[in-house]
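2 protein chains.
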Amino acid sequence: MRRRSFVEHAAAIAALPLVDPTGFQNAMRWASPRSPVDPLHVNGDRLNGWLAAFNQIGRTAGGINRVAYTAADFEGRAFTLDLLRQAGLPTRLDAAGNMWARLDGTDASRTPIVIGSHVDSVTDGGNYDGPLGSFAAIEVARTLRERGMRLRHPLDVVVWQNEEGGTIGSKLVIGALTDADLDRVARSGKTIREGIGLVGGDAAKLASVVQRRGDIACYIELHIEQGGLLEKAGKQIGVVQGIVGLRWFEITITGFANHAGATPMDQRQDAMLAAAKFTVAVHDAIRSEAGRQVATVGRLTASPNTTNVIAAQVMLTVDLRDLDQAKIEHFTQVFERLARTIGEATNTTFQFKRLVDSEPALADSRVLDCIQSSANALGLLSQRMPSGAGHDAQEIARIAPMGMIFVPSVGGISHSPKEFTRPADCANGADVLLNAVIAADQA
Amino acid sequence: MRRRSFVEHAAAIAALPLVDPTGFQNAMRWASPRSPVDPLHVNGDRLNGWLAAFNQIGRTAGGINRVAYTAADFEGRAFTLDLLRQAGLPTRLDAAGNMWARLDGTDASRTPIVIGSHVDSVTDGGNYDGPLGSFAAIEVARTLRERGMRLRHPLDVVVWQNEEGGTIGSKLVIGALTDADLDRVARSGKTIREGIGLVGGDAAKLASVVQRRGDIACYIELHIEQGGLLEKAGKQIGVVQGIVGLRWFEITITGFANHAGATPMDQRQDAMLAAAKFTVAVHDAIRSEAGRQVATVGRLTASPNTTNVIAAQVMLTVDLRDLDQAKIEHFTQVFERLARTIGEATNTTFQFKRLVDSEPALADSRVLDCIQSSANALGLLSQRMPSGAGHDAQEIARIAPMGMIFVPSVGGISHSPKEFTRPADCANGADVLLNAVIAADQA
Numbered sequence: 480m481r482r483r484s485f486v487e488h489a490a491a492i493a494a495l496p497l498v499d500p501t502g503f504q505n506a507m508r509w510a511s512p513r514s515p516v517d518p519l520h521v522n523g524d525r526l527n528g529w530l531a532a533f534n535q536i537g538r539t540a541g542g543i544n545r546v547a548y549t550a551a552d553f554e555g556r557a558f559t560l561d562l563l564r565q566a567g568l569p570t571r572l573d574a575a576g577n578m579w580a581r582l583d584g585t586d587a588s589r590t591p592i593v594i595g596s597h598v599d600s601v602t603d604g605g606n607y608d609g610p611l612g613s614f615a616a617i618e619v620a621r622t623l624r625e626r627g628m629r630l631r632h633p634l635d636v637v638v639w640q641n642e643e644g645g646t647i648g649s650k651l652v653i654g655a656l657t658d659a660d661l662d663r664v665a666r667s668g669k670t671i672r673e674g675i676g677l678v679g680g681d682a683a684k685l686a687s688v689v690q691r692r693g694d695i696a697c698y699i700e701l702h703i704e705q706g707g708l709l710e711k712a713g714k715q716i717g718v719v720q721g722i723v724g725l726r727w728f729e730i731t732i733t734g735f736a737n738h739a740g741a742t743p744m745d746q747r748q749d750a751m752l753a754a755a756k757f758t759v760a761v762h763d764a765i766r767s768e769a770g771r772q773v774a775t776v777g778r779l780t781a782s783p784n785t786t787n788v789i790a791a792q793v794m795l796t797v798d799l800r801d802l803d804q805a806k807i808e809h810f811t812q813v814f815e816r817l818a819r820t821i822g823e824a825t826n827t828t829f830q831f832k833r834l835v836d837s838e839p840a841l842a843d844s845r846v847l848d849c850i851q852s853s854a855n856a857l858g859l860l861s862q863r864m865p866s867g868a869g870h871d872a873q874e875i876a877r878i879a880p881m882g883m884i885f886v887p888s889v890g891g892i893s894h895s896p897k898e899f900t901r902p903a904d905c906a907n908g909a910d911v912l913l914n915a916v917i918a919a920d921q922a
Numbered sequence: 480m481r482r483r484s485f486v487e488h489a490a491a492i493a494a495l496p497l498v499d500p501t502g503f504q505n506a507m508r509w510a511s512p513r514s515p516v517d518p519l520h521v522n523g524d525r526l527n528g529w530l531a532a533f534n535q536i537g538r539t540a541g542g543i544n545r546v547a548y549t550a551a552d553f554e555g556r557a558f559t560l561d562l563l564r565q566a567g568l569p570t571r572l573d574a575a576g577n578m579w580a581r582l583d584g585t586d587a588s589r590t591p592i593v594i595g596s597h598v599d600s601v602t603d604g605g606n607y608d609g610p611l612g613s614f615a616a617i618e619v620a621r622t623l624r625e626r627g628m629r630l631r632h633p634l635d636v637v638v639w640q641n642e643e644g645g646t647i648g649s650k651l652v653i654g655a656l657t658d659a660d661l662d663r664v665a666r667s668g669k670t671i672r673e674g675i676g677l678v679g680g681d682a683a684k685l686a687s688v689v690q691r692r693g694d695i696a697c698y699i700e701l702h703i704e705q706g707g708l709l710e711k712a713g714k715q716i717g718v719v720q721g722i723v724g725l726r727w728f729e730i731t732i733t734g735f736a737n738h739a740g741a742t743p744m745d746q747r748q749d750a751m752l753a754a755a756k757f758t759v760a761v762h763d764a765i766r767s768e769a770g771r772q773v774a775t776v777g778r779l780t781a782s783p784n785t786t787n788v789i790a791a792q793v794m795l796t797v798d799l800r801d802l803d804q805a806k807i808e809h810f811t812q813v814f815e816r817l818a819r820t821i822g823e824a825t826n827t828t829f830q831f832k833r834l835v836d837s838e839p840a841l842a843d844s845r846v847l848d849c850i851q852s853s854a855n856a857l858g859l860l861s862q863r864m865p866s867g868a869g870h871d872a873q874e875i876a877r878i879a880p881m882g883m884i885f886v887p888s889v890g891g892i893s894h895s896p897k898e899f900t901r902p903a904d905c906a907n908g909a910d911v912l913l914n915a916v917i918a919a920d921q922a
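Chains as they are written, first to last, in our numbering: chain A, 480 to 922; chain B, 480 to 922.
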């Protein structure tokens, strides 16, 4: 049987009659939200049930594979659209392929509070990175609806397309991609432009999706931590101070190939040794200063890469991140200085190329306060922390007040089939999102 | 036109009438060799002419490619057989595919002095590694023949097959390969067994080629240095003290893959960092002790080898060499200790596997004296030195007194299209070989 395309799926879902609001418990008893000192709770079991069902989609021997613009991504998006419809929320696909659903507010003059995340995955990834935040946003809207509570602001649930391929859906909404960017090939093998069409968008109408400063009241995203800070600290909630800036260097070290047996140690131009010294020096420099900055040499290829030949050339990458752009600039200079020193000591040359450069995106202090007070009201242990990973929230932060909520990843593991967040933590995160939205609505 | 196989080439050459010894200048005036204080000279121009002509065979854009058991190797061997025939020496192929030619001595009871090298090359190599020693041996025998000089010992010129693939021809002659070894695939894609047939040998009759202690009076091989010691020291001749022992380690370092942004520096199990620390530590340990020991990390592959993921696993190789087996054992222990310390410090594990283990092969002091006195008599500047590279001489050293002569490599470069030894140095090396043979004959 032919697998239905996402567009066919979406059309079929759109053709269904909207769930009758009166079908929901308390749906007609519109109530005012309570104060955060008396917090509300989502239906955590329902949320975790959705996550469990979603864990079958794109599941392979290697892990979850819902890479954007593949059949499993389409299936994941269709599942998500169904959840939105079941929540009684009318859905809308924008021209970028992002999925939206709105719970109207009482004050038509107000801009929306936006909550959401994504449902695509990396290759051989897990089931929590993205789906938790997306489904929790749906659950929050559904809880409000079921309880008959009306916010002053409209509440928009958004599920961004292709987050893992470079926060594409959110970048399109802030107008950050050029026409040339659309021709870049994504992991699926399709270009972004092709992908937009495949997920139901229209690349010719992207101007229609662009939002500007003032269009969004605030944006709040729940996500798994993808690191081990919360677990190690025994905390349940991370109140995210911002998303770190990131700079990627590709560094080519050139020495000279020679015989590993016949070339005395003092006559070598060993690119592998230079690369090793540099890798250690980068690590030592990063750790020698206080702060949460991180740097990683994750990729290295040597040439000719032969046991008995001194390496002529090594290419390695450095991934540098911090919440403070000044620190990124500082360490860039440190790395360049280390390269010069090591190059001279090893008789090799270092050439730096910047692959990616993304500035830190700080959380808005008022949104951060809403999240903090929500966690406090729920009696959850929390701590402030940066997000070391990138998220759609970093894009929306360019045009709107942004905040993020983290919940613990067991073992700090993410982008792995071992990625796991306990059901209680998933429910806690959704509860914090719910009460933060209510607090933001009243702020 | 179909390229003739080496076997066809060899058959055609064998069918030619042997060059009449009387055709050579002075051929009938058999003379006694003069003493080394009044040294002889080869025809250096002729030798360098052969090298220049040979430089066209297997030449590609990447360098010389006469990899054993390929068409270019067959062509190189046919060229070499022609030189032996032109020298008036009857040739013989042994069952291993080695080419031999004998200049009879005056004393039929004596075992032969053997001189020679190889004519196969590495991939993208140069024209001097092997051919110089092979052609110089032919030139030495031809010079003796043309001058009508008869040694007491027979003089055997040998051109070993497949040196670069692991000194195969010489290993077969000392009986060092098992039947299983013959099924190993060489760089050409053929097995050793297939290769033996292709170069005119007979894998079923290998027992016939095995020589034992006492069968060879001594073995002397001229070779380019393949390092920069002689050039740096301003010396013309290297008197080789022996061929270093070699131990190859394949070391697998296991950490844990995690997010490069979200994992704090103190919570990492970074296999790349551990590999870098180990590479630096190996280098520092080797240099911290006096001596000529060398160690090289030439090959490294990381997994998943992704810019934003902490490396889960790194495989690297260490090539360790010294003339003293005790030092090889000592540094093996040093490396294992360093691995334990670094493994503990980085929360990674190191696993060692030995790929190759070859003991040092020391030159015979009497042969070494013959080479030294020859260089002295010729007025050439010389120095004692180890060979860091492997040679067929290391195999023959297991059954016979061995010595090697080195001449400078410009820039210390070898196994490269840039490999170059000046014509005057090629002639010097052949002169030293000639007078060393005469000295050895009289010893």
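Don't read these hints as lab results, they were simulated from the structure.
Glycine included, C-beta positions come from ideal geometry on N, C-alpha and C.
Errors might be hidden in some of the hints.
Which stretches of chain B does chain A cover? Using the computed rule of at least three CB atoms under 8 Å from a CB of chain A, they are [to be verified]:
# : segment
1 : 652-658
2 : 715-728
3 : 746-756
4 : 788-796
Here are the simulated lysine to any residue pairs, SDA-like style, with alpha carbons at most 20 Å apart [stated by the list, open to error]:
# : chain 1 : residue 1 : chain 2 : residue 2
5 : A       : 711       : B       : 746
6 : B       : 832       : A       : 711
7 : A       : 897       : B       : 783
8 : A       : 711       : B       : 783
9 : B       : 832       : A       : 786
We went through each hint and held it up to the structure:
1. 652-658: violated (count 0)
2. 715-728: holds (count 3)
3. 746-756: Contact hint for the segment 746-756 of chain B vs chain A: holds, 7 residues under 8 Å.
4. 788-796: Result for this restraint: holds, n = 4.
5. A/711 to B/746: holds (10 Å)
6. B/832 to A/711: Violated. Residue 832 of chain B to residue 711 of chain A sits at ~36 Å, over the 20 Å cutoff.
7. A/897 to B/783: Answer holds: residue 897 of chain A to residue 783 of chain B is near 16 Å, not above 20 Å.
8. A/711 to B/783: Status violated; Cα separation ~25 Å.
9. B/832 to A/786: holds (13 Å)
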